[in-house]
Amino acid sequence: MTRVQISRSQLVIAMVWCILGTGIVTIPSAVAQFTVRDAWISTMLFVVGGGIVVAVTLLFSRMFPCRTLTSALLEACGPWIGRALGIWFLICLYITNCTVLREAEVFVGVTILPKTPEYVMGAFAMLAVAYAVYLGVEVVMRDAELITLLVMLIAPILFFLSMQHMDIHELRPVLVDGWGPVLRGGIVSDLDYALELMIALQFLMFLKNANTAARDVAVAAVVSTVALTLVTVLTIGVVGPSTHYLSYPVLEAVRNIRVGRFLERLDTLYVIAVVSTVFVKLAVFHYAWCSGLKDVFGLSSHRVTTLAGGLLVWTGATVLFRSAGDVQQFIAYTVPVYFVVTFVAIPLVAVIMMAVKSGLRRRNAVLMRRG
Amino acid sequence: MTWLALLSSASIIAIEWRSLRTASRRERTLYTLFVSAALLMAVSFDTHLLTGVHVLAPVDALFRPATEWLYQVL
Numbered sequence: 001m002t003r004v005q006i007s008r009s010q011l012v013i014a015m016v017w018c019i020l021g022t023g024i025v026t027i028p029s030a031v032a033q034f035t036v037r038d039a040w041i042s043t044m045l046f047v048v049g050g051g052i053v054v055a056v057t058l059l060f061s062r063m064f065p066c067r068t069l070t071s072a073l074l075e076a077c078g079p080w081i082g083r084a085l086g087i088w089f090l091i092c093l094y095i096t097n098c099t100v101l102r103e104a105e106v107f108v109g110v111t112i113l114p115k116t117p118e119y120v121m122g123a124f125a126m127l128a129v130a131y132a133v134y135l136g137v138e139v140v141m142r143d144a145e146l147i148t149l150l151v152m153l154i155a156p157i158l159f160f161l162s163m164q165h166m167d168i169h170e171l172r173p174v175l176v177d178g179w180g181p182v183l184r185g186g187i188v189s190d191l192d193y194a195l196e197l198m199i200a201l202q203f204l205m206f207l208k209n210a211n212t213a214a215r216d217v218a219v220a221a222v223v224s225t226v227a228l229t230l231v232t233v234l235t236i237g238v239v240g241p242s243t244h245y246l247s248y249p250v251l252e253a254v255r256n257i258r259v260g261r262f263l264e265r266l267d268t269l270y271v272i273a274v275v276s277t278v279f280v281k282l283a284v285f286h287y288a289w290c291s292g293l294k295d296v297f298g299l300s301s302h303r304v305t306t307l308a309g310g311l312l313v314w315t316g317a318t319v320l321f322r323s324a325g326d327v328q329q330f331i332a333y334t335v336p337v338y339f340v341v342t343f344v345a346i347p348l349v350a351v352i353m354m355a356v357k358s359g360l361r362r363r364n365a366v367l368m369r370r371g
Numbered sequence: 001m002t003w004l005a006l007l008s009s010a011s012i013i014a015i016e017w018r019s020l021r022t023a024s025r026r027e028r029t030l031y032t033l034f035v036s037a038a039l040l041m042a043v044s045f046d047t048h049l050l051t052g053v054h055v056l057a058p059v060d061a062l063f064r065p066a067t068e069w070l071y072q073v074l
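For the protein sequence lines, the chains are A and B, in the order given.
Residues 1 to 371, numbered by this note's numbering, are exactly what the first sequence covers, in order.
Residues 1 to 74, numbered by this note's numbering, are exactly what the second sequence covers, in order.
Rather than coming from a laboratory, the hints here were simulated on the basis of the structure.
Don't be surprised by glycine CBs; every beta carbon is placed ideally from N, CA and C.
You may find that some hints are simply not true.
On the chain A side, residues computed to face chain B include the following (Cβ under 10 Å) [as the list claims (entries may be wrong)]:
1) Ala130
2) Ala308
3) Phe321
Could you put together the complete structure from these sequences and hints?
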């Protein structure tokens with residue numbers, strides 16, 4: 001049986017959409033709670049979080065080439081501690097999946113389907129996601145490639161048409177309130193969204209050469225930083241100080257587009273692009289979750305939990321987060337430290353434990369040779 | 001939501017019936033646990049059983065103080 005492989009470009013594309021899928025919707029409004037004029041500087045700080053992920057990925061891929069994070073935890077920490085850490089990681093992935101699905105439900109409900117119950121939209125979304133994941137990682141990655149073509153067609157048109165309403169003076173004066181609000185605004189992009197790139201560790205075993213993973217994650221981080229900064233600059237330039245009061249400021253920027261007297265309401269195109277990229281994000285996270293369950297519970301295939309797990313994510317999204325406010329509060333005030341502990345500390349524990357184990361093994365071998 | 005969850009569960013079990021019959025006990029247990037938990041959540045949502053309960057309270061209790069401290073420090 002041939003081993004399933006994904007290409008480097010597929011990994012980069014999947015990681016970029018994992019960030020931009022919900023990041024493009026949430027980050028500008030989350031940052032604008034702290035600073036509006038300097039929001040673009042906060043968004044640029046995304047690269048700091050990306051740097052942390054690259055460093056951890058580099059250490060991890062050298063210590064565990066061709067291993068997922070969950071299987072590496074079992075190897076490094078043993079069946080009991082490794083399984084406990086793996087379950088912690090899987091619970092975090094489940095909550096993240098529920099958060100993403102709930103964000104998507106609320107977004108689609110507010111923008112295009114206000115009369116449809118949100119859980120019905122969630123059900124259809126999870127049906128598509130579970131089907132893609134059921135078919136395997138190759139299908140998920142090819143979907144991501146296909147969606148990239150669609151988004152690349154829509155995004156430049158919307159970007160350049162929005163630019164005609166942009167006022168650069170909305171971004172000045174720079175840093176008038178100092179660095180405090182900028183750094184506070186950067187927490188969400190830095191610790192919530194950038195650390196989500198760590199999901200790449202669950203896909204290392206599918207890469208031809210795991211040593212290139214850190215470089216690929218770095219490319220994804222840089223591309224995401226540039227895209228998020230451009231979108232934030234554009235949004236602040238078009239919407240201005242009102243960004244602080246809007247849940248979806250990018251949508252407002254797109255709604256301003258009017259070409260002549262006949263071409264308007266291009267926000268539908270923006271919603272299509274967001275829904276498509278959220279689909280990729282959900283599929284990548286759901287696959288990572290199912291493959292993690294396979295490792296931790298010793299299942300025969302990730303497919304065992306794909307459909308039932310999809311059902312659990314769908315119901316969990318509605319029960320865990322009653323409203324859009326719940327999601328925003330959770331993202332801003334709980335997720336940053338939760339992600340640092342789960343996505344940075346746990347992989348580092350695996351790396352350190354493995355380093356200690358190999359050190360002890362080497363020492364024992366030397367002692368045995370000496371007799 | 002309960003009806004949709006029931007329909008989805010029945011469909012999933014019908015689709016995977018053949019593989020479930022050959023699955024190991026651990027796989028079947030996990031599968032049953034997931035489907036039951038999903039159904040329970042759907043029913044609790046419709047019957048407002050968990051209206052006053054914040055399900056993520058343990059996660060909030062663990063990490064919210066640290067995050068708020070981080071905001072204060074900055």
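The hints, checked one at a time:
no. : hint   : verdict
1   : Ala130 : holds (9 Å)
2   : Ala308 : holds (4 Å)
3   : Phe321 : holds (8 Å)
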